[in-house]
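All chains should be modelled from the sequences, with the hints used to inform the complete structure.
Chains as they are written, first to last, in the working numbering: chain B, 1 to 660; chain C, 1 to 166; chain F, 1 to 178.
Since the hints were made in silico from the structure, they are not lab data.
These numbers come from a predicted model, not from an experiment.
Glycine included, each C-beta is placed from N, C-alpha and C at the ideal position.
One should not assume that every hint holds.
Sample of chain F residues facing chain B (criterion: CB under 8 Å; computed from the structure) [stated by the list, open to error]:
| # | residue |
| --- | --- |
| 1 | R3 |
| 2 | S6 |
| 3 | P9 |
| 4 | V10 |
| 5 | L20 |
| 6 | F22 |
| 7 | N26 |
In silico DSBU-like links for lysine-lysine, alpha-carbon gap of 30 Å or less [to be verified]:
| # | chain 1 | residue 1 | chain 2 | residue 2 |
| --- | --- | --- | --- | --- |
| 8 | B | K382 | C | K104 |
| 9 | B | K198 | B | K414 |
| 10 | F | K38 | C | K104 |
| 11 | C | K162 | B | K198 |
| 12 | B | K382 | F | K30 |
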Amino acid sequence: MAAEIGHFSLILALFIALLQTAAPAIALRRRDAALAVFMEQAAYGQLIFVVVAFACLTYAFVTSDFSVAVVAANSHTTKPLLYKVAGVWGNHEGSMVLWVLILTLFGAAVAAFGDNLPERLRTNALGVQGFVGLCFLAFILLTSNPFARLDPAPADGNGLNPILQDPGLAIHPPFLYLGYVGFSMAFSFSVAALIEGKVDASWARWVRPWVLAAWCFLTIGITLGSAWAYYTLGWGGWWFWDPVENASFMPWLAGTALLHSALVVERRQALVSWTILLGILTFTLSLIGTFLVRSGVLTSVHAFAQDPARGVFILGILVVLTGGALVLYALRMPGLKYGAPFAPVSREGALTLNNMLLSVAAATVFLGTFYPLIVDLMGNDKISVGPAYYQITFVPIMIVLLLAMAVGPMLKWKRDDFRAVLGRLKRPLIASGLAALAVLLITFGRNAVAAAFIGLAVWLIAGSLAVLFRRLRLGSVALDTSLRLARTTPRAFYGLVIAHAGMGITVCGITAMSTWATEKIQMMRPGDVLQLSGFDLRFASIGDVAGPNYQAERAVFQVSRSGRSVAELTSERRFYPVREQQTTAAGIRTNLLSNLYVAIGEPNDSGGWAVRFYYHPLAPWIWLGALTMAFGGFVSLSDRRLRVGAPQHASRRAVLVPAE
Amino acid sequence: MRRYRILAMRRVAGVIGLLLTLSAASLAVTPGEVLQDPKLEARAREISRNLRCLVCQNQSIDDSDAELAHDLRVLVRERLTAGDTDAQAIGFMVARYGNFVLLKPPLQADTLMLWFGPALLLAVAAIGFGRYLRRSQAADRSATATPLGADEQERLDAILSKRRPA
Amino acid sequence: MLRLISLVPVMVFAAVSVGLGFSLSNDPRKLPSMLIDKPTPAFKLAALDGGGGLSSDDLKGKIALLNVFASWCAGCRVEHPMLMALAQRSGLPIYGVSWKDDRATGASWLKANQSPYVQVGDDASGRLGIDLGVTGVPETFVIDRTGRIRYRHAGPITDEAWQETFEPLLAALRSEPQ
Chain B
1 MAAEIGHFSL ILALFIALLQ TAAPAIALRR RDAALAVFME QAAYGQLIFV
51 VVAFACLTYA FVTSDFSVAV VAANSHTTKP LLYKVAGVWG NHEGSMVLWV
101 LILTLFGAAV AAFGDNLPER LRTNALGVQG FVGLCFLAFI LLTSNPFARL
151 DPAPADGNGL NPILQDPGLA IHPPFLYLGY VGFSMAFSFS VAALIEGKVD
201 ASWARWVRPW VLAAWCFLTI GITLGSAWAY YTLGWGGWWF WDPVENASFM
251 PWLAGTALLH SALVVERRQA LVSWTILLGI LTFTLSLIGT FLVRSGVLTS
301 VHAFAQDPAR GVFILGILVV LTGGALVLYA LRMPGLKYGA PFAPVSREGA
351 LTLNNMLLSV AAATVFLGTF YPLIVDLMGN DKISVGPAYY QITFVPIMIV
401 LLLAMAVGPM LKWKRDDFRA VLGRLKRPLI ASGLAALAVL LITFGRNAVA
451 AAFIGLAVWL IAGSLAVLFR RLRLGSVALD TSLRLARTTP RAFYGLVIAH
501 AGMGITVCGI TAMSTWATEK IQMMRPGDVL QLSGFDLRFA SIGDVAGPNY
551 QAERAVFQVS RSGRSVAELT SERRFYPVRE QQTTAAGIRT NLLSNLYVAI
601 GEPNDSGGWA VRFYYHPLAP WIWLGALTMA FGGFVSLSDR RLRVGAPQHA
651 SRRAVLVPAE
Chain C
1 MRRYRILAMR RVAGVIGLLL TLSAASLAVT PGEVLQDPKL EARAREISRN
51 LRCLVCQNQS IDDSDAELAH DLRVLVRERL TAGDTDAQAI GFMVARYGNF
101 VLLKPPLQAD TLMLWFGPAL LLAVAAIGFG RYLRRSQAAD RSATATPLGA
151 DEQERLDAIL SKRRPA
Chain F
1 MLRLISLVPV MVFAAVSVGL GFSLSNDPRK LPSMLIDKPT PAFKLAALDG
51 GGGLSSDDLK GKIALLNVFA SWCAGCRVEH PMLMALAQRS GLPIYGVSWK
101 DDRATGASWL KANQSPYVQV GDDASGRLGI DLGVTGVPET FVIDRTGRIR
151 YRHAGPITDE AWQETFEPLL AALRSEPQ
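This is the structure:
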């Protein structure tokens, strides 16, 4: 019964989406107020029905209703409840419902909280959002119905892939989707602006919170994925430039560019056409990512069902949405005026540089991801693009970006003097140099590259703090005055400092992990001791243990350092009888400065076990830094100015700017 | 099939409580595979890191537990011991498996766009930005360039007076 | 009003879409063989179970199939009836290579299941497999009279594959001058 309700709900949502799309076009001559109210209600209606559908699907999973095909394919009665729920989106059909849920969530949020938006913009944006929803609801109902029934229903299901039975999996997709489906709102706003034919400072101000929100969630989603890979895969890898990882990274890069580009539009009404283009492209990259994962075009450990038929449908959606938006862009862009001019050395100039670098970085990742496909289509050759490619092409772009990131916020708008800026950055420069020197000395000059990167990270962190100190006039005025300035400084400013510093933290983590990680793999018998980087790992015991849906061998290890006990780590080799799969659960101890990582492997014939022990210095900083970036974003989001928006003058409609 | 990994030991240099070691990547090499000559072994490691494990998802043979990865690691070491240069050892693999086995794509006619694309895009973006700057500055300048003629000033005054009640 | 530069994004996107469209009919896992039209690598394998083993010389002078298999491979079991049928009806000699398998296990598997092979060699180390560019089993090679490899089929030989790919190729090979 629940499945039928869910199915019917989706159909209703589809019809509402149809109305939501058509309304702005049909009701061109109607009074705006009536239409605006209708659009809001349509957005709420869509959300409600998709929530009902999602709830029905969750109900089917939680009650283990194996007459529903996806439940049978992906769940099992012995699965713990958390994973029964997570299983809802651990498969193609269910994850598409989650996709649409977030799409309609953002639409409804704009309807609910977008009171400060001008009506026409809001109406058109909701219309576009409705159309996107229409496309995907059609996709679900026509090709990926999650409520398809099985007759007769099997007694039990196939279970969920053991690798996916993990708390990290439970939350990684929702955050990821909040991110890259959230960018659909930027897409809708961009297309709405193109439909109206005008983009001005207020547009940027209204759109930015939505982009920022999506960006924060995507940052968290990617971080969770990386951390999850780290502790699940058993050898400490955290980023593989896998096509599907890249598929989430490209929207992030483009989204970051969009965020910063919108700033220039807001302050100086410049870079308008590029910002609109980014608004379209960010969501396009999300759509391409969706296409990648579900069409079987590239092999990846992440990929869902390999179904070219579904791939055709998604490609169709892509062509309609992005193609349509870009055609509109081509028609309207020449009409978008230049904003106030600025000198190359200026805040706008730096933001433009940032824009350029991030866009080229996104394009580079795109090139690397899809090039094997291009070569495959061109002839009989087949190539692979591995991390080495990205190290040579992507990293240098990032280096320039990191250098610029500290300088940008220090620059004045419109025009500034390069030497003066460097003067303001004297202390960060010194700090950075000292840090690099320190690393060189400690490592006896062996890791010059790592020293340079640490210097870069310190440059970024110190530079961000310098911006803050300068704003607070720390040192040049009384402490009282500084504190007063601190209270009146807008939150967005703190957000900037925190986010940029977070990036520096991540760079430290990555550098340390790549340069100074150590590992040792050895056959050990209970009682044996392994030494690595000053730590002693004692293999204490091993025994059999039963989990809710698996059998495991659990090994207990004691880690000590100079005789003092540091931690007790447990690692398991789990066997899941339903899917006949084996996974390893690693034991990790983190003190947020470094990780100790142990994984038990296979036994040999003489009573020994393969044990892998790793020491990962500063590894936690990779994810802590990223979470700091997201936190900075949320701090920015809480800035009152973003919520208040532009004051509305009753006698004026939204103006064409600049009037020339 | 056995898939256990045993790793060779690493040297550790300890300084002021901060223990740093030589660069380490995750290894699947067994002690039996490690070559006696450390220079040859280092070369073998570097080559392995850039050879794709053909039966895995995006892993190098250096990282992978798979049987085929093990066989290829041993083979690389054999070729190096037999006197092959790095290029010859890699070429040996490519002759059998094609360019697919290279994780670092070769520079050839059909990968020119791959390798030079990013730099090209950067150049195009920079040029585009330069032109944008110049054009927007020119537009700004032309707006204030020539002073208004008498009749233009009249028209301007007329317009301004009409717009006064806001 | 249309400016040329504003058309660039939509044109780039059109190219990307076309590419993605074509990619849908492309199997990313198919690896082309590097040995097509090249001579079979020289090899000499010991026998699985008595007999004379298999060497590259045995493959010369006739059109033949070289099938790489293993007792632990599920696909080979699926392919086995097809190979038996081919051994009887196609008139082609099928040579077998037992890949990455224990010699005794391989031998007893063949004995229990009947052997479609004229001769079998033991490649327990997998070296010949590497020389042939094998990444999994089963794989079948079509070798012409001069000992050159003309085609590599990865996976079990299906009826469809036989009719659509093998038979036309074999017909062409047969009509080649001696």
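Close enough to count: is the Cβ of R3(F) nearer than 8 Å to one in chain B?
Given a least distance of 5 Å, the restraint on R3(F) holds.
With the threshold set at 30 Å, check whether the alpha-carbon distance from K382(B) to K30(F) stays at or below it.
holds, 9 Å
Run the distance test for K38(F) versus K104(C): straight-line Cα separation, threshold 30 Å.
Holds. K38(F) to K104(C) sits at ~26 Å (cutoff 30 Å).
Hint consistency between K162(C) and K198(B) [alpha-carbon to alpha-carbon, up to 30 Å]
Given that 30 Å is the threshold and the Cα spacing comes to 25 Å, the pair holds.
Between the alpha carbons of K382(B) and K104(C), is the straight-line distance 30 Å or under?
Distance ~13 Å between K382(B) and K104(C) Cα, so the pair holds.
Is the hint on V10(F) kept, meaning its closest Cβ partner in chain B is under 8 Å away?
holds, 4 Å
Restraint outcome when P9(F) is required to lie within 8 Å of chain B by C-beta distance
Holds, because the Cβ-Cβ distance from P9(F) to chain B comes to roughly 5 Å (cut-off 8 Å).
Is the hinted pair K198(B) and K414(B) satisfied, with a Cα-Cα distance of at most 30 Å?
The given pair, whose Cα atoms are some 23 Å apart, holds under the 30 Å limit.
With a cut-off of 8 Å on the beta carbons, see whether S6(F) makes it to chain B.
This hint holds: S6(F) lies near chain B, its Cβ roughly 4 Å from the closest one there, short of 8 Å.
Less than 8 Å between beta-carbons is the criterion; does N26(F) satisfy it with respect to chain B?
With a minimum Cβ separation of about 6 Å from chain B (threshold 8 Å), the hint on N26(F) holds.
Min Cβ distance, L20(F) to chain B: is it shorter than 8 Å?
holds, 6 Å
Can F22(F) be said to touch chain B, with a Cβ gap under 8 Å?
Nearest chain B Cβ about 5 Å off; hint holds.
In this structure, none of the earlier numbered hints is contradicted; all agree with it.
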